[in-house]
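Student: Chains as they are written, first to last, in the numbering used here: chain A, 1 to 235; chain B, 236 to 523.
In case anyone wonders, no lab produced these hints; they're calculated from the structure. Honestly, I wouldn't trust all of these hints.
[Unchecked claim] Which residues of chain A face chain B? A few of them, derived with a C-beta cut under 8 Å, are:
hint	residue
1	Leu55
2	Ala57
3	Pro75
4	Tyr76
5	Glu88
6	Arg91
7	Phe93
8	Gly105
9	Met108
10	Ser153
11	Val171
[To be verified] Quick list of the computed label-pair ranges, beta carbon to beta carbon:
hint	chain 1	residue 1	chain 2	residue 2	range
12	A	Ala74	B	Val298	37 to 43 Å
13	A	Ala127	B	Asn325	26 to 32 Å
14	A	Lys109	B	Leu509	37 to 43 Å
15	A	Thr135	B	Leu379	38 to 44 Å
16	A	Gly166	B	Gln499	51 to 57 Å
17	B	Thr493	A	Glu128	52 to 58 Å
18	B	His424	A	Glu61	26 to 32 Å
19	A	Gln11	B	Ile340	43 to 49 Å
20	B	Leu509	A	Gly166	39 to 45 Å
21	A	Ala66	B	Asn325	31 to 37 Å
22	A	Thr135	B	Ala371	49 to 55 Å
23	B	Arg398	A	Glu121	23 to 29 Å
24	B	Ile366	A	Thr125	53 to 59 Å
25	B	Glu362	A	Lys109	46 to 52 Å
Every residue gets a Cβ at the ideal spot worked out from N, C-alpha and C, and that includes glycine.
Chain residues, written in single-letter form:
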Amino acid sequence: MLDAPLLKVRQLEAFYGDFQALYGLDLELKTGQVVAIVGANGAGKSTLLNSIAGLMATRPEAIELAGERIGGKAPYQIVAQGIALVPEGRRLFPSLSVEENLVIGGHMKRPGPWKLARIYELFPTLAERRHHPATALSGGQQQMVAIGRALMSNPRVLLCDELSLGLAPIVVRDIYAHLRAIIADGVAAIIVEQDIQQALKIAGHLYCMLEGRIVLHGAARSLTRESIAAAYFGV
Amino acid sequence: MADWINTIIQGILIGGLYAMFAVGLALIFGVMKLVNIAHGDLIVLSAYVALIVTQSLGLNPLVSLVFVVPIMGLIGYILQRGLFNRTIGNDLLPPLLVSFGLSVIIQNGLLELFSADNRRLLAGPIEVATIKFSDAINVGVLPLLQFVLAVLVIGGLQALMFRTAIGRSFRAVSDDPRIAQLMGLNNRHIFGLAMALSLAVVALAGVLLAIRANFDPATGPTRLIFGFEAVIIGGLSSFWGTLVGGVILGVVQAIAATIDPGLQILAGHLAFLLVLAFRPQGLFGRVA
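Only chain A is shown next, with the shape it has when bound in the complex (with noise of 0.2 Å):
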């Protein structure tokens, strides 16, 4: 039971209307794994994640956590079963202050470790400017706070949706750093990456997407440099 996955996609597909972004996708994830997907832009690798977390259509079967059906439900329902997303583009709440954005992620009140305190001691930082609105912090700082708005959920799976988009390699490299201490703690995670050295860096599994399908997947350290390359461009 103990290797039974934590998380199992099986066949998902996902449609923008007429457009077929996903085609049949397998994907499992262990408890206490880290799964990285990696893929062009467009590959639809946000489109999985977002078809994880509840925000588009999908057949119950589609999705199953820790042996129950998920797909389809609201992502109200999912995140109350403990998976939580770290959106692309990091997307806080303007309006919030920055502890306000922190705790709106608990707002389902899941028990676990993270709370306020213990995101604020990940990130000091961020407890120095607790009241500023979050709009107002760097790049890399709202980054934490979307991080730390996710952990706050005590999730399960951590989904977190290209984490350096837009942030200087410096700042990449802290929040992975970061990435690295909270996933020590246990916590699952599917990390989309566009950067394929980040991503072999801190995941034991490696799925390469294109064009909405998994062309290439297995252990990290397996897959060597020209195979995801050559997954990666399709040639």
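Model the placement of chain B on the given structure of chain A, informed by the hints.
Tutor: Below, chain B alone, put in the same frame as chain A:
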């Protein structure tokens, strides 16, 4: 001189009532970008609800608020979950059109049930009670009570919006409804609560108005326009702005009425037009 002071005081006090019309509109627009054309008719509806409650239970209208406010709140929640939530999306037009339809339905429904007769709620001696500040300056107890209640309502809403969990949820949903769901917020429920709150304020405003002035099923749109004007003058993003907007509207109307009673309504509209022309975001609005 004393006449002028009296006039301005009257204007300020009636402005509190306009602000109460306005703040419910501002709340709804702020949380869900719904321009509620039926707002004025809901004010009138709450007056009729109060009429039924006062007549059947033999209560003073002010006491009937204990029933009318929760009833209207409940109607608001049901209206939102059953009707408006189906229309809310990226487009402002469908909810606006549906609220226009609702306005017509409420007016005709009331006409069918209560006829076109003028009604008024009778509150007894408080209607004519005055406080004497000096030989020349008298202030009616009822208008003063209305104004004080308006200030309390607006202050209460302000505190609720910025100091409570539900206010935080309102702001989050207003900022980004898609992402708010990821926090565990059920937008439909949050919208329902916002509409319930708006109609609770409407109930208070509707009953106070119905003690002060006659109403019939067709009076809603004129209430709506004062509420709208107060919101626009004050600026959409500020509750206190609606109070200032209401007061400006009230004072301009009161002054114009002393010059020529026929000017009263027109002068209010002109003040609104001036603000719209020179400061379209309102006096306290943020520049978007």
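Student: Each of the hints needs a verdict: does it hold here or not?
Tutor: Hints and how they fare:
1. Leu55: Interface hint status for A/Leu55: holds (7 Å vs cutoff 8 Å).
2. Ala57: Given a least distance of 14 Å, the restraint on A/Ala57 is violated.
3. Pro75: 4 Å, holds
4. Tyr76: 5 Å, holds
5. Glu88: Hint on A/Glu88: violated, closest Cβ of chain B at ~11 Å, above 8 Å.
6. Arg91: The hint holds - A/Arg91 has a Cβ within 8 Å of chain B, the shortest such distance being about 5 Å.
7. Phe93: 4 Å, holds
8. Gly105: 6 Å, holds
9. Met108: At about 4 Å, which falls below the 8 Å cut-off, the nearest Cβ of chain B leaves the hint on A/Met108 intact, so it holds.
10. Ser153: 7 Å, holds
11. Val171: 22 Å, violated
12. A/Ala74 <-> B/Val298: 37 to 43 Å: Cβ of A/Ala74 to Cβ of B/Val298: about 42 Å, so the range 37 to 43 Å holds.
13. A/Ala127 <-> B/Asn325: 26 to 32 Å: 37 Å, violated
14. A/Lys109 <-> B/Leu509: 37 to 43 Å: 50 Å, violated
15. A/Thr135 <-> B/Leu379: 38 to 44 Å: 42 Å, holds
16. A/Gly166 <-> B/Gln499: 51 to 57 Å: Roughly 56 Å apart at Cβ, these two residues keep to the hinted range, so it holds.
17. B/Thr493 <-> A/Glu128: 52 to 58 Å: 57 Å, holds
18. B/His424 <-> A/Glu61: 26 to 32 Å: Holds: the Cβ-Cβ distance is about 27 Å, inside 26 to 32 Å.
19. A/Gln11 <-> B/Ile340: 43 to 49 Å: Between A/Gln11 and B/Ile340, where Cβ atoms are some 47 Å apart, the hint holds.
20. B/Leu509 <-> A/Gly166: 39 to 45 Å: 43 Å, holds
21. A/Ala66 <-> B/Asn325: 31 to 37 Å: 35 Å, holds
22. A/Thr135 <-> B/Ala371: 49 to 55 Å: 53 Å, holds
23. B/Arg398 <-> A/Glu121: 23 to 29 Å: Between B/Arg398 and A/Glu121, where Cβ atoms are some 26 Å apart, the hint holds.
24. B/Ile366 <-> A/Thr125: 53 to 59 Å: Once the Cβ atoms are compared, 56 Å apart, the range 53 to 59 Å for A/Thr125 and B/Ile366 holds.
25. B/Glu362 <-> A/Lys109: 46 to 52 Å: 49 Å, holds
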